[in-house]
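A.B. asks: Residue-level listing of the chains:
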Amino acid sequence: MTPAAFLENRKPIWDRVEHLLDCAGKSGCRKLTHQQLHELTRLYPTIAVDVSKVRMYKLDNITLSRVNDLAIRAHGLLYQRKKEKSDTGVIKFILKDYPAIFRKNISYLLFAILLFCIPMVSTYSIVRLNPDTAYTFMPYGLDIENSDTVTAEDVSERYRQMSGTVMSASITTNNIQVALIAFSLGIVFALGTCYILLSNSIMLGCFIGHFTNHGLSTELWYFLAPHGLLEIFAIIVAGAAGLKLGLSILIPKNLTRVDSLKKGASESVVYVLGTIPMFIVAGFIESYITPAYFDGRLKVLIGFAALGISLAYLLLVGRNKPQMEN
Amino acid sequence: MIEYDVHDKIETPENVELTRTIAGLGSRISAGLFDYLLIVLIFLVIFFILALSSNVFSYRGGSMSDFVLAAFFIGMFLFYWGYFAFFEWITNGQTPGKKSVHLRVVCENGSPITFKHIAVRNIIRFVDMLPGMYFLAIVFIFCSKRKQRIGDMAAGTIVVSEEKLQYGATDKVNKKNDNWQMEITAEVLEKSGLSPEELNIIQNFYVRRSELSHDAIVKILPGILKPIMSRQGTWRDDMSISEMLDYIECTLQI
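In order, the protein sequence lines correspond to chains A and B.
Each residue of the first sequence is one higher than the one before, counting from 3 in the working numbering.
Each residue of the second sequence is one higher than the one before, counting from 130 in the working numbering.
Don't take every hint at face value.
Unchecked claim - Estimated spans, in silico, between C-beta atoms of each pair: (1) B/LYS138 <-> A/HIS40: 27 to 37 Å; (2) B/PRO225 <-> A/GLY27: 15 to 25 Å; (3) B/ILE349 <-> A/THR258: 45 to 55 Å.
Unchecked claim - In silico DMTMM-like pairs for lysine to aspartate or glutamate, Cα to Cα no more than 20 Å straight-line: (4) A/LYS55 <-> B/GLU140; (5) A/LYS55 <-> B/GLU319; (6) A/LYS98 <-> A/ASP71; (7) A/LYS265 <-> B/GLU237; (8) B/LYS228 <-> A/ASP24; (9) B/LYS245 <-> A/ASP99; (10) A/LYS60 <-> B/GLU291; (11) B/LYS320 <-> B/ASP375; (12) B/LYS320 <-> A/GLU269; (13) A/LYS60 <-> B/GLU146; (14) A/LYS13 <-> B/ASP375; (15) B/LYS274 <-> A/ASP261; (16) A/LYS60 <-> B/GLU327; (17) A/LYS55 <-> B/ASP366; (18) A/LYS13 <-> A/ASP24; (19) A/LYS55 <-> B/GLU326; (20) A/LYS265 <-> A/ASP99; (21) B/LYS245 <-> A/ASP261; (22) B/LYS228 <-> B/GLU291; (23) B/LYS348 <-> B/GLU378; (24) A/LYS60 <-> A/GLU41; (25) B/LYS355 <-> B/GLU316; (26) B/LYS274 <-> B/GLU146; (27) B/LYS276 <-> A/ASP99; (28) A/LYS60 <-> A/ASP71; (29) B/LYS320 <-> B/ASP344; (30) B/LYS355 <-> B/ASP375; (31) A/LYS55 <-> B/GLU312; (32) B/LYS245 <-> A/GLU269.
Said to hold, decoys possible - Covered stretches of chain B (in silico footprint by chain A; criterion: 3 or more residues with CB under 8 Å from a CB of chain A, positions within the stretch not fixed): (33) 143 to 157; (34) 198 to 207; (35) 236 to 248.
The set of hints was computed from the structure by calculation and includes no laboratory data.
Glycine is no exception: its CB is placed at the ideal position from the N, C-alpha and C atoms.
Kindly generate the complete structure, drawing on both the sequences and the hints.
C.D. replies: Take a look at the structure:
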């Protein structure tokens, strides 16, 4: 075919495809009729081939960019993800995919738990052995309240002065932010995540040790356990996601480092987003149940129940049932 | 020739290479500035409304101001982490700022972005912003081959320019006379009997002629036309420049 014949033949088809793409607009192929869509899928491969042909005939740049643009637009339109599927997939995601991803990456979680618990226990022991070191670990948090006069009632009272609504909003968003930052900093070869895990665990260990030194351990548990168990667990899960992200660069296995990063990121981001509901529940407990006037033992029970339900969901839901084979 | 634009190649399932222009640092910064300007504006409006409504509600003695304060915390959080993600999600990769300079976030393979891509690139935005003013992002966009910030690398996304391709010199001519398109039509091809390559050379010369001095035209033009015209048997050594220009205009049917 001569270039002239090629242009003459194909021009009407390019115009037609352009018309179809304009009909579709920017909102995907939903605006096209069934017939139009069918026509477009039929014409698109020929347009893609035309890009090569225009290059082969060494035609001008305007023609090339026009056909190339048409092909890109059609390509973007036709090779689209199924939006509807991902919408109905939410339930499947909650009931199956998320717990499965959680269990698949449980080794990172164990790693994060170790990273959290070892510094916490060691800080606790140090503070128990040398009470004064508490002020070294937490120079700001403890200075404000003169520790000799503080009682459990004071702590609770400070909580009760604030409005539950405001508190749950600010605490929840702050916690989610810490989790997202812990994940995001994981990209610095997991170092940032380690820093967040360490600083939180040292703070907690020092806190527990300091209160125990002053004989307030029971009150502390009444105050900490209802929301703290779930909250700390969620922070550790977010840390595990950050560790996975960082380690995917450090240990790429048989992929290139960038490819390994992409793979790690797309899995671990789901991992960290799953902590958001946990933080919302924890924030709710922290602002409405922790400061409430009822038996501390019941509050602790609620805390353990919240953590237990979360764990049961993550570990048990969506497990493949043993397959029935006949 | 210096390539100013970085092009990215997409291989389609039909084994054809499509090219798209990757957005440069400048357009991405201007998109970002636009977005942040919008954020500040929206925020001022929301702040104003909240402040006003909290006054109204506390005047009536209700505890509504608590809700307003709570809404403020949640709003701050959603804006900080969700503005870019939200717009990229509903528009398939275009925040208002990106739209204003015709940019779009797409996957490296050219397909539209999914929720996971959006989540990754916008959570890691936090690292890109370190230590302030998107310093790391700028360094990475400047240095990386496909102009990706850290979040883009982790998500496997690129930011492409959707502006129509324009060619420096032809652009000027296009503006002068609207009907003049540097496009080889079937008609021209047939009547001139030249190959597309030859027509391209002639066209490129014709478009740039106004930028060339007369001396330069005298020097270049015979060199361009001699091989083409002698093949057709119309070349004479004593042709004047205006005759050659006539030939070109006749060939291109102007």
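A.B. asks: Against the structure, test the hints numbered earlier, and report the numbers of the ones violated in rising order.
C.D. replies: Violated hints (numbers, rising): 6, 10, 12, 14, 17, 24, 25, 27, 29; every other hint is consistent with the structure.
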